[in-house]
Structures are given as C-alpha cells and as structure tokens.
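Q: Residue numbers (numbering that gives the first Met the number 0), protein chains in the order written: chain A, 0 to 70; chain B, 0 to 289.
Simulated from the structure, these hints should not be mistaken for laboratory data. Backbone N, C-alpha and C fix where the C-beta goes; we use that ideal spot for every residue, glycine too. Treat the hints with care, as some may be off.
[Said to hold, decoys possible] Capping the alpha-carbon separation at 30 Å, the derived lysine-lysine pairs in DSSO-like fashion look like this:
1. B:K284 / A:K13
2. B:K221 / B:K77
3. B:K221 / A:K13
[To be verified] What the simulated footprint calls covered on chain B by chain A, stretch by stretch (three residues with Cβ under 8 Å from a Cβ of chain A suffice, anywhere in the stretch; the number is not a length):
4. 190-199
5. 221-231
[To be verified] One side of the interface only, derived from the structure: several residues of chain A facing chain B at Cβ under 7 Å:
6. E4
7. L33
8. N36
9. T39
10. V41
11. V67
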Amino acid sequence: MSEIEVRVKIVGQKSPRRLKVATRTTIADLLKKLDQNRETVVVSLNGKIVPEEERLAAGDLVEILPVVTGG
Amino acid sequence: MIKSVERRFWHAINENKLVSPGERVAVAVSGGKDSVVCMHLLANYCRVKRCELVAITVDEGIKGYREESLLIARENAKMLGIEHQVVSFKKAFGSTLDGMVKLAIKKRTGLNPCTYCGVLRRSILNQAARELGAHKLATGHNLDDEAQAIMLNYIRADLSRLYRLGPSYSPLEGFVPRIKPLREIPEKEVALYALLKGMNVHLGVCPYASGIHTEVRDFLNKLETNHPNSKFMILRMFEQIKPHLKVAVPGFEMKKCENCGEPTSSRLCKTCELLQDIDLVNRQKNLISL
C-alpha cells in the first residue's frame, strides 16, 4: 500500500511532526493511530475545521485541539 | 452545526420553561467554552424575550489557571454589553482555593480540592445571584456533564443528589432556581460552536482536576466513541427514572445555618462545615459591591 506524508500538530505542543500514513486514511483513522479520542478533540485540516470522515492528502497540516476541559 | 446548537438551546429553554419574559437571569461564567457559549446564547435569547442578563464569575484564586479565564469572561461580557460581577473565594471566605488546599493538607482533612471548590463555588454563586435579585441562575453544564453526574451519583448511591439533576432545579427558600439550557448538547459540539463563531474562550484544564470525575469522563468518552449516542441515552433513561425517585428521597426541614445564616437542612451549611474543618470561620455577608 502506498503512503503519504502529512504534518500533525497537537495544539499546545511546539511544532508539527511529519507522519507517514496509508493513502485513503481519514482523520478518524489518524486519531486512532495517535490514540486520540475523537470525542475530546476538534480537528482542523489546513486551517479549516472538518468532519473526521475527511480523507487526508499528501502535505496536509492536521491540527488537533483538545476541547474537553470542563468549562 | 451553528443553527443546530442554537435551535436545541432555544428548545431546551422553551420546552422546559426555563426562563419567563421579564425575568432577571444570572449566568455563571468561568471563561471556559461552555459558560461563554451559554452567556452568548442567553444574551441573544434575553434580547428577544426581553429578560435581563447579568454575568457572575467566581474567582477561586487558582494560580496559573483562573487569571486568564477571568479576563476572557470579562471581555466576553463587555462585548455583549452585560453587567459582570466577579466574586472571589478570598473575599467571601478569607482564603483562595490554593490556600484552602494547603490548610486541608496540614489539617489532614482527607478531602480533595474538587470537594471544596464545588461546594463553595455553588454557595457563592447562589449568594451572589440572590444579592443581584436574579430569578434564575444559569450554568453551562452540557450533555457530557449531565451524563457524568448521573453516573457519579449512581456510583455513590446518592439518591438525593441524583433527584436534583435535571434541566432546572427549584429548591427551597434562599436558593435561586438553577437552569441548564445546554444540558442536551454534547461538550464537543459546544466547543465546535465556540470555535466556528470565533469566540474567545479558555481551554485550559484545572490543575486540580483528577480522581473519579476524570475516570468517569474518560470512560464515557470511550463508550461514546465505540457506541455513539450513549451519553444521550443515559440522560434519557435518567429522565424516565427520575419521577420515581421522589418516594425514596428523604424529606427535610430547611433551617438557617448557625454560622452564616444561609439555607441548610443541618445545623451548619456544608460550606461552613468545610471551612470550619480548616479553621476558616468568617463568611462575607455581602458579596456584591454596587
């Protein structure tokens, strides 16, 4: 299976890291891979908030914002 | 998404008759996403339904956490043109929460900070809302909070507290009725609403957050991921059970706390009981400076 490289940043951490994932990987798949619960984060793809069913493309910047904090 | 949250907010208020026209509503605003969203939605509701809104922020004095959220609460209230009152643990009870935690450790009370914070915060909010002449006190509790509370009180076998959960709670004299217009909206959707509307909200985590609350929260989030809609079903099931709980909840007579005069079913209110355990005995009678 071919792979693509994306950049992933968890908001609050210093800088994005590069990650290789299979083509056709969705944001939901990526969250599982990173052990992030989709109930507790909001994800933006290239600066735009998107549903977790969205498929990733090479070079994408994925920012993961933890939002379950109490408030 | 935005319209969906707004529609469910309005539905919660109208369906449960949470606010009547002309009422004065106090909204508890910490600066976090839930309370800020609640304040914005209530501001719009009150504009249309001609009720008054006042924001209350409790400053527990948690260093490195509360300062930033306080500024955010203030900024949002100012943007909405809403009266904003800040009431502090230090002024009300003579110590910040940080100070109380140190005293509790020294006195070996064995109680965790969340116990002090929860009891004292509710007490100070009620007192402030009453002094401000509010008919209702709104909080930003969301679906996740309600599901967690149901599970926690079930685990603790606390029927009385379980019975008090709901979209509104109208207790006895001296207590301002509490309403929770966001209680059917998942926490993540509240967060999305705040982000999509470009609201400035505080997303920090309280440094004292730990223990069973966190464990129940994590459990429910995992459950929801694997079995979507679980939190909502927990809420719905509870609503079916609630009318049947009344017979099992013991009745009590309301009195005035011997120390501070606040309403209680015991000799001392829970707040004074906790404060006396750490040698803090004086409570501020009037919180609101006009």
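Q: Are the hints correct? Go through all of them and say.
A: Hints versus structure:
1. B:K284 / A:K13: violated, 47 Å
2. B:K221 / B:K77: Distance of about 38 Å is beyond 30 Å: violated.
3. B:K221 / A:K13: holds, 27 Å
4. 190-199: holds (count 4)
5. 221-231: Contact hint for the segment 221-231 of chain B vs chain A: holds, 3 residues under 8 Å.
6. E4: At 27 Å from the nearest chain B Cβ, E4 of chain A fails the 7 Å test, so the hint is violated.
7. L33: violated, 14 Å
8. N36: holds, 5 Å
9. T39: Result: holds, 6 Å to nearest chain B Cβ.
10. V41: holds, 6 Å
11. V67: At 5 Å from the nearest chain B Cβ, V67 of chain A passes the 7 Å test, so the hint holds.
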